[in-house]
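*Asks:* Sequence:
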Amino acid sequence: MSKKLPSKKEQFMQAPKSRLPLMIAACCAVLAVVVLFVVLGASKQEEEKYFGDTVAASRSYVGEFISMTPIAPIVEDGQIKIALQDVDQNNIVFFEVENNEGDLVPLMAYITPSGRIFVGSSMCEPCRGRTFSLAGDTLVCDTCRTTYNIENHEFISGSSACGSYPPVNMNPEIQDEIIMIDLEEVLNWRVRG
Numbered sequence: 343m344s345k346k347l348p349s350k351k352e353q354f355m356q357a358p359k360s361r362l363p364l365m366i367a368a369c370c371a372v373l374a375v376v377v378l379f380v381v382l383g384a385s386k387q388e389e390e391k392y393f394g395d396t397v398a399a400s401r402s403y404v405g406e407f408i409s410m411t412p413i414a415p416i417v418e419d420g421q422i423k424i425a426l427q428d429v430d431q432n433n434i435v436f437f438e439v440e441n442n443e444g445d446l447v448p449l450m451a452y453i454t455p456s457g458r459i460f461v462g463s464s465m466c467e468p469c470r471g472r473t474f475s476l477a478g479d480t481l482v483c484d485t486c487r488t489t490y491n492i493e494n495h496e497f498i499s500g501s502s503a504c505g506s507y508p509p510v511n512m513n514p515e516i517q518d519e520i521i522m523i524d525l526e527e528v529l530n531w532r533v534r535g
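Everything in the sequence shown is counted per our numbering, starting at 343 for the first residue and increasing by one.
Read the hints as simulated data drawn from the structure, not as lab findings.
Bear in mind that the values here come from a model prediction, so they are computed numbers and not experimental data.
Hints may contain errors.
Have a look at the derived ranges for each label pair, beta carbon to beta carbon [what the hints assert, rightly or not]:
#, residue 1, residue 2, range
1, 400, 446, 52 to 58 Å
2, 382, 510, 21 to 27 Å
3, 419, 511, 17 to 23 Å
4, 402, 526, 33 to 39 Å
The C-beta atom is built at its ideal place from N, Cα and C for all residues, glycine as well.
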């Protein structure tokens, strides 16, 4: 079958094809790029805000599985204090402080690959796991194997119940190489799940 080509006269008499669909598609693509940029930019800002400023050299845990090192905190003047050097040398540490109900609150501190520090609860609340390990770019519950992003605690895999309750940041302050968290924050901490 041969297709009949339009004559010259027919070509000039036909209305030109509309470019409107092409323009709408281009506008949608530009809008999608802008939205993606805003969303990714906002999540990066939240990530940086979550753990604060860089306090140690950046590092990589890729290909490593690092278990917690237990340490003894100092509790004085309404503060819980641990040495930044202990966390920096061991990468992830574990310690406990008794709350106002007589229960031991499990706590941890670790250095993220970007060199920021997390200090907070060390409990995978639904499964009651009290210890975690660093594995590559993830924080892993040693009990149920639920994994979180090491930088911002976004749930990656494992139990969705546990993934809904990541470790809680206790907003540490660092002065003279000592990490301090407010004792009141720990005394008031309760299991959520």
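*Asks:* All hints, please: hold or fail.
*Replies:* Outcome of the hint check:
| no. | hint | verdict |
| --- | --- | --- |
| 1 | 400 - 446: 52 to 58 Å | violated (33 Å) |
| 2 | 382 - 510: 21 to 27 Å | holds (25 Å) |
| 3 | 419 - 511: 17 to 23 Å | holds (22 Å) |
| 4 | 402 - 526: 33 to 39 Å | holds (36 Å) |
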